Amino acid sequence: MHASDVGLTEAEYQRIEALMGRAPNDLELGLFGALWSEHCSYKNSKALLSRLPHEGPHVVSGPGGNAGVVRLSQDLDVAFKVESHNHPSYVEPVQGAATGVGGILRDIIAMGARPIAVADALRFGTDRHSMALLHGVVKGVGLYGNAIGVPTVTGDIGFSDTYRANPLVNVLAVGIRRPEHAMGANTAKPGQVLVLLGQRTGRDGIHGASLLASRDFDEQSHELRPTVQVGDPFLGKLLMEVTLKCVEEGLLAALQDLGAAGLTSASAELSESSGVGAEIHLDRVPLREAGLTPYEIMLSETQERMLLVVSEENLERVLAVAQDFEVLATEIGRTTESGELHLFYEGAECARLRTDWLVDQAPRRSVDEPFWEGLAQAPKTESGEVPKFRSEALLEVAGSLDARSRASVYRQYDYMIQTRTVYGPDRDLAVLDLGEDGGLALAVDGPGRWAAEDGYAGGAGAVLRVLATLAATGAEPLGITDGVNAGNPDKTDSYRAMGALIRGVADAARAAEVPVTGGNVSLHNETDGESIWPTGVIGAAGRHPHPKSPVPQNLGKVGDAILLIHSGSRDWGASVAERVLTGRVSAYPRTDLENAKSRLKAMTEWVRENPPHALRVLGDGGLGMTLVRMWAESGPSFGLQLSLPEKDLQEKTRLFFNEAPLQWVAAIPMDKLAEVTRRLEASGLAILLLGEVTEGGMMVLDGRYQWSYADLMARWRKPYEEVHDEL
Amino acid sequence: MPAFHAVVTVELKESILDPAGEATQGVLKHMGFSVDGVRIGRHIRLTLEAETAEEAGQVAGRMAEELLANPVMETFRVEVLA
Amino acid sequence: MPAFHAVVTVELKESILDPAGEATQGVLKHMGFSVDGVRIGRHIRLTLEAETAEEAGQVAGRMAEELLANPVMETFRVEVLA
Amino acid sequence: MQIGVVTFPGSNCDVDTVKALTDLGVQAVVIDYRNHRLDYLSAAIIPGGFSYGDYLRSGALAARAPVMAALRDAVEEQKLPVLGICNGFQILTEAGLLPGVLRPNRHGEFRCDWQTLRVAAESPYFPGLRVGDRLRMPIAHGEGAYYTPPGSLQALFQAGQAWLQYTDDQGQLHALTNPNGSVANLAGIQQGSVAALMPHPERAMHRYLGSDDGHKLLSAWIDGIRQEVGHARV
Ligand SMILES: Nc1ncnc2c1ncn2[C@@H]1O[C@H](COP(=O)(O)OP(=O)(O)O)[C@@H](O)[C@H]1O
Ligand SMILES: [Mg+2]
Numbered sequence: 044m045h046a047s048d049v050g051l052t053e054a055e056y057q058r059i060e061a062l063m064g065r066a067p068n069d070l071e072l073g074l075f076g077a078l079w080s081e082h083c084s085y086k087n088s089k090a091l092l093s094r095l096p097h098e099g100p101h102v103v104s105g106p107g108g109n110a111g112v113v114r115l116s117q118d119l120d121v122a123f124k125v126e127s128h129n130h131p132s133y134v135e136p137v138q139g140a141a142t143g144v145g146g147i148l149r150d151i152i153a154m155g156a157r158p159i160a161v162a163d164a165l166r167f168g169t170d171r172h173s174m175a176l177l178h179g180v181v182k183g184v185g186l187y188g189n190a191i192g193v194p195t196v197t198g199d200i201g202f203s204d205t206y207r208a209n210p211l212v213n214v215l216a217v218g219i220r221r222p223e224h225a226m227g228a229n230t231a232k233p234g235q236v237l238v239l240l241g242q243r244t245g246r247d248g249i250h251g252a253s254l255l256a257s258r259d260f261d262e263q264s265h266e267l268r269p270t271v272q273v274g275d276p277f278l279g280k281l282l283m284e285v286t287l288k289c290v291e292e293g294l295l296a297a298l299q300d301l302g303a304a305g306l307t308s309a310s311a312e313l314s315e316s317s318g319v320g321a322e323i324h325l326d327r328v329p330l331r332e333a334g335l336t337p338y339e340i341m342l343s344e345t346q347e348r349m350l351l352v353v354s355e356e357n358l359e360r361v362l363a364v365a366q367d368f369e370v371l372a373t374e375i376g377r378t379t380e381s382g383e384l385h386l387f388y389e390g391a392e393c394a395r396l397r398t399d400w401l402v403d404q405a406p407r408r409s410v411d412e413p414f415w416e417g418l419a420q421a422p423k424t425e426s427g428e429v430p431k432f433r434s435e436a437l438l439e440v441a442g443s444l445d446a447r448s449r450a451s452v453y454r455q456y457d458y459m460i461q462t463r464t465v466y467g468p469d470r471d472l473a474v475l476d477l478g479e480d481g482g483l484a485l486a487v488d489g490p491g492r493w494a495a496e497d498g499y500a501g502g503a504g505a506v507l508r509v510l511a512t513l514a515a516t517g518a519e520p521l522g523i524t525d526g527v528n529a530g531n532p533d534k535t536d537s538y539r540a541m542g543a544l545i546r547g548v549a550d551a552a553r554a555a556e557v558p559v560t561g562g563n564v565s566l567h568n569e570t571d572g573e574s575i576w577p578t579g580v581i582g583a584a585g586r587h588p589h590p591k592s593p594v595p596q597n598l599g600k601v602g603d604a605i606l607l608i609h610s611g612s613r614d615w616g617a618s619v620a621e622r623v624l625t626g627r628v629s630a631y632p633r634t635d636l637e638n639a640k641s642r643l644k645a646m647t648e649w650v651r652e653n654p655p656h657a658l659r660v661l662g663d664g665g666l667g668m669t670l671v672r673m674w675a676e677s678g679p680s681f682g683l684q685l686s687l688p689e690k691d692l693q694e695k696t697r698l699f700f701n702e703a704p705l706q707w708v709a710a711i712p713m714d715k716l717a718e719v720t721r722r723l724e725a726s727g728l729a730i731l732l733l734g735e736v737t738e739g740g741m742m743v744l745d746g747r748y749q750w751s752y753a754d755l756m757a758r759w760r761k762p763y764e765e766v767h768d769e770l
Numbered sequence: 007m008p009a010f011h012a013v014v015t016v017e018l019k020e021s022i023l024d025p026a027g028e029a030t031q032g033v034l035k036h037m038g039f040s041v042d043g044v045r046i047g048r049h050i051r052l053t054l055e056a057e058t059a060e061e062a063g064q065v066a067g068r069m070a071e072e073l074l075a076n077p078v079m080e081t082f083r084v085e086v087l088a
Numbered sequence: 007m008p009a010f011h012a013v014v015t016v017e018l019k020e021s022i023l024d025p026a027g028e029a030t031q032g033v034l035k036h037m038g039f040s041v042d043g044v045r046i047g048r049h050i051r052l053t054l055e056a057e058t059a060e061e062a063g064q065v066a067g068r069m070a071e072e073l074l075a076n077p078v079m080e081t082f083r084v085e086v087l088a
Numbered sequence: 060m061q062i063g064v065v066t067f068p069g070s071n072c073d074v075d076t077v078k079a080l081t082d083l084g085v086q087a088v089v090i091d092y093r094n095h096r097l098d099y100l101s102a103a104i105i106p107g108g109f110s111y112g113d114y115l116r117s118g119a120l121a122a123r124a125p126v127m128a129a130l131r132d133a134v135e136e137q138k139l140p141v142l143g144i145c146n147g148f149q150i151l152t153e154a155g156l157l158p159g160v161l162r163p164n165r166h167g168e169f170r171c172d173w174q175t176l177r178v179a180a181e182s183p184y185f186p187g188l189r190v191g192d193r194l195r196m197p198i199a200h201g202e203g204a205y206y207t208p209p210g211s212l213q214a215l216f217q218a219g220q221a222w223l224q225y226t227d228d229q230g231q232l233h234a235l236t237n238p239n240g241s242v243a244n245l246a247g248i249q250q251g252s253v254a255a256l257m258p259h260p261e262r263a264m265h266r267y268l269g270s271d272d273g274h275k276l277l278s279a280w281i282d283g284i285r286q287e288v289g290h291a292r293v
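Chains as they are written, first to last, in the working numbering: chain B, 44 to 770; chain A, 7 to 88; chain C, 7 to 88; chain E, 60 to 293.
Please note that the accuracy of each hint is not assured.
[Unchecked claim] Computed cross-link-like contacts, DSBU-like style, restricted to lysine-lysine with a CA-CA straight-line distance of at most 30 Å:
#1 C:K35 <-> B:K761
#2 B:K640 <-> B:K89
#3 B:K534 <-> B:K86
#4 A:K35 <-> B:K288
#5 C:K35 <-> A:K19
#6 A:K35 <-> B:K431
#7 B:K288 <-> B:K232
#8 E:K275 <-> B:K591
#9 B:K288 <-> E:K78
#10 B:K86 <-> C:K19
#11 B:K591 <-> E:K78
#12 B:K89 <-> B:K182
#13 C:K19 <-> A:K19
#14 C:K19 <-> A:K35
#15 C:K35 <-> B:K182
#16 B:K534 <-> B:K423
These aren't lab readings, by the way, just hints derived from the structure by calculation. Small disclaimer: the values here were computed from a predicted structure and weren't measured.
Given the sequences, and given the hints that come with them, work out the whole structure.
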């Protein structure tokens, strides 16, 4: 076997020989191929990610584990993380998405936490095939989440031709645990038993990590297709129950899920982070089909498996718990003192490697200060002419793929199981009631178009957007998770674009004083030399003060004042409307990050102390679409009477459709206007009175433009099959 | 043109996991049957017009290739009924 | 005991609507195929031990009666493969 | 009084159901699918979920579990009140304890949504629920299209077995308010002491979760059990 057969370069091979002092055998080479792959080693992104802020008062454990953990209340930890399953979902959308959900749920379970929510962030092209992919992916997300009984409570969808051959399927999962049930992969001791739990191993997804997810798509990708992994949520559910029962009974010394690169990465990472070695007898691994080689057994990505580390005295009980659930549990080896991964097959040694070679010694790209500094630089971009305001524009934006109602997607997801969902996917964030432990707010966003021209602005904008969403309901952010999706890192432009995105996330998170507790990087989202827009999916978890009564997101009451709360910018760059009305995407506006924290705080405190009748963060499609969404919740008996101060028709367009950071739309009693204005202006926010809430199913602007509820809703609720307008 | 009945049988490739088959096998065993494998595929009966049985088979084959079977995971075969 | 392969084919009764079949037919027509009917059933391949092919068929038949087919809406037939 | 919540591998609404019963002040005990004896229970609920992954046909694999034989005996011999919710409904039809069968939704998709129902028949097991009452509850299923062979529908209505129907918010019955293609918009069926519905009352226990009509339905059932309807051991 040759280095390139496992996705390694000649230089990497040299390094392996130097580390080992000999040539690796084929199995050993395969292990290096898997763990030194982009997907497992983060060789191109680790140095960038290390610049993200990780510390915060609520952080229990940050990046490095299977998921980040923050403390929600004295008695409750929250584990959460985003993962991508982009390439598999393109090859086989239903199973690709389903196994994506299963995979991230097992990451959460590996922290000892019980999953309570899933959120999915999806990006697709705009052609017919993309709509078929959307259909399959949504089916797959539901197939797994619904069946395993974890609600899909929020999510995000975006469309652009840039994702045509590289759709993005990022899934975020959240779990809860009592602090005393904390679990991880870093607590194994020498002399403990390794138990493989779950599905029998087949030839599924071999080389998924090293080849499929770590190179671009091209003609050859077809032949590299491994056996498609099939998700089994039924077994996934049983596996979850066995694992969590063992955790609750205190039977496990350490715990690791089997994800990308299967047993290879699970055993190596567990050993390395615990500072132990492992001796594994591959012939003991139960197989689904006869004749798998040690190589295949080590690299198989068969789903629904966990690796448990159990002390001798707890072994019997662990096996009994597994048997009670009729889940297969097999002793496959032991931890040792050696620091080595030592593999046997039918008694004969077949590989022997130090785990630190595999996990820590992968060659990684470094990032120097000048490069990092340069990433914040604004690119030179032009913004084209802004079209004059006209009433049809809002109908066009409402019916566009990026702004359209997502109901046809999320009604295929069970978002109510576990009976905590107070706000679900029909709102712009999820609010979960956790009883005595309080409430959890969860928001996910990250418009790709915002980073299309200026990755930095897009990354920062996405962070501010989710934090502004939490602020609108008075929730205190505990941490964020970032899903970075980008092109081929070997190309200067793609690498820089990813760097700028991460820098934007880092600066905004630091400015807002919110730690990044985990995340995921998916590179090589590039086909035939065309990279996707760097796309950062940001998820934020927050502590909600009164989850049983979150602030409404409708139009409040008839007679209420409707306000735009903003931060000064009216730049409509990278907005949905700019794309829809002009076909262009220019740079997303940058904002002064120094004031972000105080503005977010002012909003949070206002909402907590003096909740408005209704409040919603300004979303995709700008002020216009945010009003439409609020109106949709109030229904056709409500209406709006508005006027914009701008007489200039281009200014009107910008004001009505821009998506600049840190803006909200509020409904408050008219007589509170002065008080609210005073309060928020004191924190550097600006208030624009837009008009008032009326009765009667019409929205009237400046006395000249008007829209009926029925017309707007007909556009906004159009099904996805109707895409001809954007083909 | 005469009408033909054709059956497209779609099965998972041998190496692909069949969770439904496994669960069904487990229950059959609990019910006391001794069974060593269950694989669940689709049996798709088509009614179509064609000049000859051969042509009907060809058309059904194209339907299978383009829609009825998922080539990433499944194999199929076509049979034209008398 | 020798092992046999048996196939249980489960189909919806003729009188029962098959929405999945109809949807598939709609898509096939959209793709340009002329097709007059699509009915989707299950093709269940069993591996089981028995003394004779005949016994294998009987056992498979009992599995179908007791589990694999629902008599309210489905019919089945059994075939033992050579 | 003890109400059993019968679970199978893959059941996943059992926790919510136990929580709902506990909120109603009832002692709920989880009954494993391997149990052979149910005669000490006052009533049983088969909760929702994906028993055996919904593989083969939803409910089919669970219907063959040992506990179902015990349940059948308890229904036949002691008129044990049984309530099936969602997957529980599917299991009960597959086990032959209720007539008909639940087929894949006509549109082919899983559907999670709020849905208004109308009570179509009264029952001594649900004192307080009157014909025409409206209840708002979530549905969440992929296989909820109720089907019963031609000719049997009328008998179902005449016998008062057609229990709940999907309607619009005003309680009007029409095709547009049928979320899954059920015959006659049927959402729930009852027969003797056994009743079942596709919607999830256990998810509609509080206003802040969207509705408390599930509370209304479940407490009616519990009242019925307390009133010892055809049943001596409460
Ligand atoms: N893939 C998805 N899965 C589940 N829910 C989704 C998904 N995409 C969007 N949603 C829900 O729809 C809501 C509205 O989305 P969107 O139309 O983008 O409006 P907004 O700009 O307010 O986020 C989201 O906040 C989310 O709750
Ligand atoms: Mg959004």
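Here's how the hints hold up against the structure:
Taken as a hint, the K35 (chain C) and K761 (chain B) pair is honoured in the structure, with Cα atoms around 24 Å apart against an allowance of 30 Å. Note on K640 (chain B) and K89 (chain B): the hinted pairing holds, with a Cα-Cα distance of about 27 Å set against a maximum of 30 Å. At most 30 Å may separate the alpha-carbon atoms for a hinted pair to count; K534 (chain B) and K86 (chain B) meet this at roughly 14 Å. A threshold of 30 Å between alpha carbons decides the hint, and for K35 (chain A) with K288 (chain B) the separation of about 27 Å falls inside it, so the pair holds.
With a CA separation close to 27 Å, the supplied pair K35 (chain C) and K19 (chain A) stays within the 30 Å bound. For the hint linking K35 (chain A) to K431 (chain B), the alpha-carbon distance of about 72 Å lies beyond 30 Å, and the restraint is violated. In summary, the hint linking K288 (chain B) to K232 (chain B) is supported, as the alpha carbons are separated by about 21 Å, within the 30 Å threshold. Pair hint K275 (chain E) plus K591 (chain B) holds up; C-alpha atoms about 20 Å apart against a cutoff of 30 Å.
A distance of roughly 19 Å separates the Cα atoms of K288 (chain B) and K78 (chain E); the hinted pair therefore holds under the 30 Å criterion. Between the alpha carbons of K86 (chain B) and K19 (chain C) the distance comes to roughly 58 Å, so the proposed pair goes past 30 Å and is violated. Between K591 (chain B) and K78 (chain E), the direct Cα distance comes to roughly 17 Å. Compliance with the 30 Å bound is thereby established for this hinted pair. Between K89 (chain B) and K182 (chain B) the alpha-carbon distance is near 33 Å, which puts this suggested pair outside the 30 Å criterion.
Between K19 (chain C) and K19 (chain A) the CA atoms are separated by roughly 28 Å; this keeps the pair inside 30 Å, and the hint holds. Straight-line distance between C-alpha atoms of K19 (chain C) and K35 (chain A) comes to about 28 Å, which keeps the hinted pair within the 30 Å bound. For the hint pairing K35 (chain C) with K182 (chain B), the CA-to-CA distance comes to about 23 Å; that is within 30 Å, so the pair holds. Annotation: proposed proximity of K534 (chain B) to K423 (chain B) holds, straight-line Cα distance about 20 Å (limit 30 Å).
The earlier numbered hints that this structure contradicts are 6, 10 and 12.
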